[in-house]
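Q: Each chain, written out:
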Amino acid sequence: MATVHFTRWLAGVAPGEAVEIEGQTVGAVLEHLFAENATARNYVLDEQGQLRKHVCIFLDGERLAHGAALAAPLRPQSEIYVMQALSGG
Amino acid sequence: MQDRALVSTRKGLFIYARDDRGWRLAAMHFAGSPVTLSLADRRDGAIYAALNLGHFGPKLHRSDDGGESWQEIAAPSFPQGTADSPALKQIWSLETGDKPGMLWAGGIPAGLFVSEDRGATWQLVEPLWNRPERARWFGGGYDDAGIHSVLIHPRDPDHVTVGISCGGVWQSADRGKTWSPKTDGMFAVYVPPEQRNDSAVQDPHRVARCASSPDTLWVQHHNGMFHSADGAAHWSTLSPPVSDFGFAVAAHPKDPLTAWFVPAHSDQRREPVDAKLVVNRTRDGGKTFETFSDGLPSPAYDLVYRHGLDVDDAGSSLVMGSTTGGLWFSADAGESWLLEATRLPPIYAVRFA
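Protein sequence lines correspond, in order, to chains A and B.
The opening position of the first sequence corresponds to residue 1 in the working numbering, with each subsequent residue numbered one higher.
The opening position of the second sequence corresponds to residue 90 in the working numbering, with each subsequent residue numbered one higher.
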């Protein structure tokens with residue numbers, strides 16, 4: 001279980017308020033959310049299922065390494081922030 | 090006469106409309122978002138806007154009410170399992186096809202996509218992506234090669250021509266099933282001499298075609314300008330005044346002898362020669378050119394991108410937008426220009442609609 005927050009950049013696409021979602025990893029939580037919100041998927045992941053280059057994820061206060069973010073395991077009550085990286089874009 | 094112009098900019102889509110007094114700004118959409126390209130489909134009235142949100146990827150929106158409201162539709166995408174697992178970074182060309190609701194799109198990376206349902210779904214044209222020559226394509230200005238020009242033959246919709254930076258000019262006579270390189274006569278000075286004529290490394294910045302004489306094609310290339318009178322089978326070099334470097338070219342829709350180019354200094358100096366923005370026009374198939382500056386600024390450091398110049402269906406009105414946010418219209422086939430806006434965001438593309 002995780003509480004997921006999305007950057008305000010994604011207002012109108014992703015949930016505007018924090019949402020609680022089941023899952024064992026960051027990727028699994030996001031997949032559960034995307035199952036009900038297909039548009040948001042294309043903003044966070046590319047068509048190959050990779051985290052977009054300039055999207056970053058914080059898990060329980062720690063910024064996750066880009067390549068390992070989706071596989072990161074969760075604690076029983078984790079907090080996930082999906083943010084835009086302050087690079088590129 | 091086309092009475093609208095779509096101006097795609099770094100910070101939104103500006104729609105200009107023409108009335109008795111001239112052009113005026115009618116509407117602005119997607120404030121703050123990079124709109125890289127737009128397209129009006131005259132058959133059903135739809136307007137398409139391609140966005141590149143940077144962090145969040147390329148997006149495509151459609152309006153069915155002239156821009157009053159927009160809905161996000163599917164952007165072209167590479168299917169999972171595509172060789173090299175690419176992800177689309179930008180929609181770089183967008184054209185209407187022959188069937189109702191049919192669209193063609195070119196991307197960065199250089200995937201060609203087709204939609205038969207007004208952008209609800211897209212299919213990658215795999216035979217082009219799977220050409221072995223793709224290994225020699227490379228990015229020009231971007232990290233990946235891209236398709237910036239898609240030309241559907243006006244009398245034979247199975248006949249498709251694409252321009253790739255850097256990857257040459259390719260043609261299919263069977264709607265994309267098989268492809269042939271079409272760069273005979275082009276050359277590249279930015280590769281070792283032995284690769285000079287390699288079709289796969291040519292960098293056509295933009296390919297334009299005369300609509301009523303479709304065997305006439307014009308190319309603004311990275312190191313020169315080329316003309317073909319035989320449907321791209323052969324290309325001849327042009328020798329314009331001012332400079333043969335630039336990005337944009339527009340072909341007269343009815344007169345195969347007439348085309349317009351916007352010269353820039355050089356690859357190393359992407360600015361007007363002597364800080365004087367001008368337009369070159371030929372009316373004799375590229376043998377000679379006239380250079381026009383009436384109404385254009387100096388000193389000026391404007392660059393006109395490859396989609397930054399368009400001519401209307403009559404061949405008399407032109408629109409041009411620059412990287413420094415200048416927007417000009419010409420009502421006399423490019424001989425004089427009227428400044429419409431000086432401080433728009435950087436302009437990626439202009440198009441009559």
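Be aware that a few hints might be false.
As the list claims (entries may be wrong) - Pairs of lysine-lysine, DSSO-like flavour, derived with a Cα cap of 30 Å:
{"no.": "1", "chain 1": "B", "residue 1": "Lys188", "chain 2": "B", "residue 2": "Lys266"}
{"no.": "2", "chain 1": "B", "residue 1": "Lys100", "chain 2": "A", "residue 2": "Lys53"}
{"no.": "3", "chain 1": "A", "residue 1": "Lys53", "chain 2": "B", "residue 2": "Lys178"}
Claimed, not checked - Across the chosen pairs, the derived CB separations fall in these ranges:
{"no.": "4", "chain 1": "B", "residue 1": "Ser158", "chain 2": "A", "residue 2": "Arg8", "range": "18 to 28 Å"}
{"no.": "5", "chain 1": "B", "residue 1": "Lys100", "chain 2": "A", "residue 2": "Gly67", "range": "49 to 59 Å"}
{"no.": "6", "chain 1": "A", "residue 1": "Ala71", "chain 2": "B", "residue 2": "Gly190", "range": "33 to 43 Å"}
{"no.": "7", "chain 1": "A", "residue 1": "Gln50", "chain 2": "B", "residue 2": "Lys100", "range": "40 to 50 Å"}
{"no.": "8", "chain 1": "A", "residue 1": "Thr39", "chain 2": "B", "residue 2": "Pro189", "range": "17 to 27 Å"}
{"no.": "9", "chain 1": "B", "residue 1": "Asp173", "chain 2": "A", "residue 2": "Ala71", "range": "14 to 24 Å"}
{"no.": "10", "chain 1": "B", "residue 1": "Gly190", "chain 2": "A", "residue 2": "Met1", "range": "20 to 30 Å"}
{"no.": "11", "chain 1": "A", "residue 1": "Thr3", "chain 2": "B", "residue 2": "Gln169", "range": "25 to 35 Å"}
{"no.": "12", "chain 1": "A", "residue 1": "Pro73", "chain 2": "B", "residue 2": "Asp232", "range": "24 to 34 Å"}
{"no.": "13", "chain 1": "A", "residue 1": "Arg8", "chain 2": "B", "residue 2": "Glu157", "range": "23 to 33 Å"}
{"no.": "14", "chain 1": "B", "residue 1": "Glu157", "chain 2": "A", "residue 2": "Pro73", "range": "40 to 50 Å"}
{"no.": "15", "chain 1": "A", "residue 1": "Ala71", "chain 2": "B", "residue 2": "Asp245", "range": "45 to 55 Å"}
{"no.": "16", "chain 1": "A", "residue 1": "Gly16", "chain 2": "B", "residue 2": "Ala430", "range": "31 to 41 Å"}
Think of the hints as simulated: they come from the structure by calculation, not from any bench.
No experiment lies behind these values; they were computed from the predicted model shown.
Quick reminder that beta carbons are idealized off the backbone N, C-alpha and C, glycines included.
Q: Please verify whether Lys53/A and Lys178/B have alpha carbons no more than 30 Å apart.
A: With Cα atoms ~10 Å apart, Lys53/A and Lys178/B stay inside 30 Å; holds.
Q: Is 17 to 27 Å a correct range for the gap between the Cβ atoms of Thr39/A and Pro189/B?
A: 26 Å, holds
Q: Just to be sure I understand the hint, the distance between the Cβ atoms of Thr3/A and Gln169/B should be within 25 to 35 Å; is that true here?
A: 30 Å, holds
Q: Cβ-Cβ distance between Asp173/B and Ala71/A: within 14 to 24 Å?
A: 22 Å, holds
Q: For the pair supplied as a hint, Lys188/B and Lys266/B, is the alpha-carbon distance within the 30 Å limit?
A: Judged against 30 Å, a Cα distance of about 18 Å means the pair holds.
Q: Could you see if the CB distance from Ser158/B to Arg8/A stays within 18 to 28 Å?
A: 23 Å, holds
Q: For the hint 49 to 59 Å, verify it against the beta carbon of Lys100/B and that of Gly67/A.
A: 32 Å, violated
Q: Does the Cβ pair Gly16/A, Ala430/B satisfy 31 to 41 Å?
A: Because 35 Å falls inside the window, the suggested range holds.
Q: Does the Cβ distance between Arg8/A and Glu157/B fall inside 23 to 33 Å?
A: The hint (23 to 33 Å, Cβ to Cβ) holds, given that Arg8/A and Glu157/B are roughly 26 Å apart.
Q: Honestly, do Ala71/A and Gly190/B meet the 33 to 43 Å range at C-beta?
A: 40 Å, holds
Q: Does the beta carbon distance between Gln50/A and Lys100/B stay inside 40 to 50 Å, or does it fall outside?
A: Because 28 Å falls outside the window, the suggested range is violated.
Q: Go ahead and decide if the range 20 to 30 Å is satisfied by the Cβ distance of Gly190/B to Met1/A.
A: For Gly190/B and Met1/A the Cβ distance comes to about 44 Å; the hint is violated.
Going through the hint list in order, the structure does not satisfy hints 5, 7, 10.
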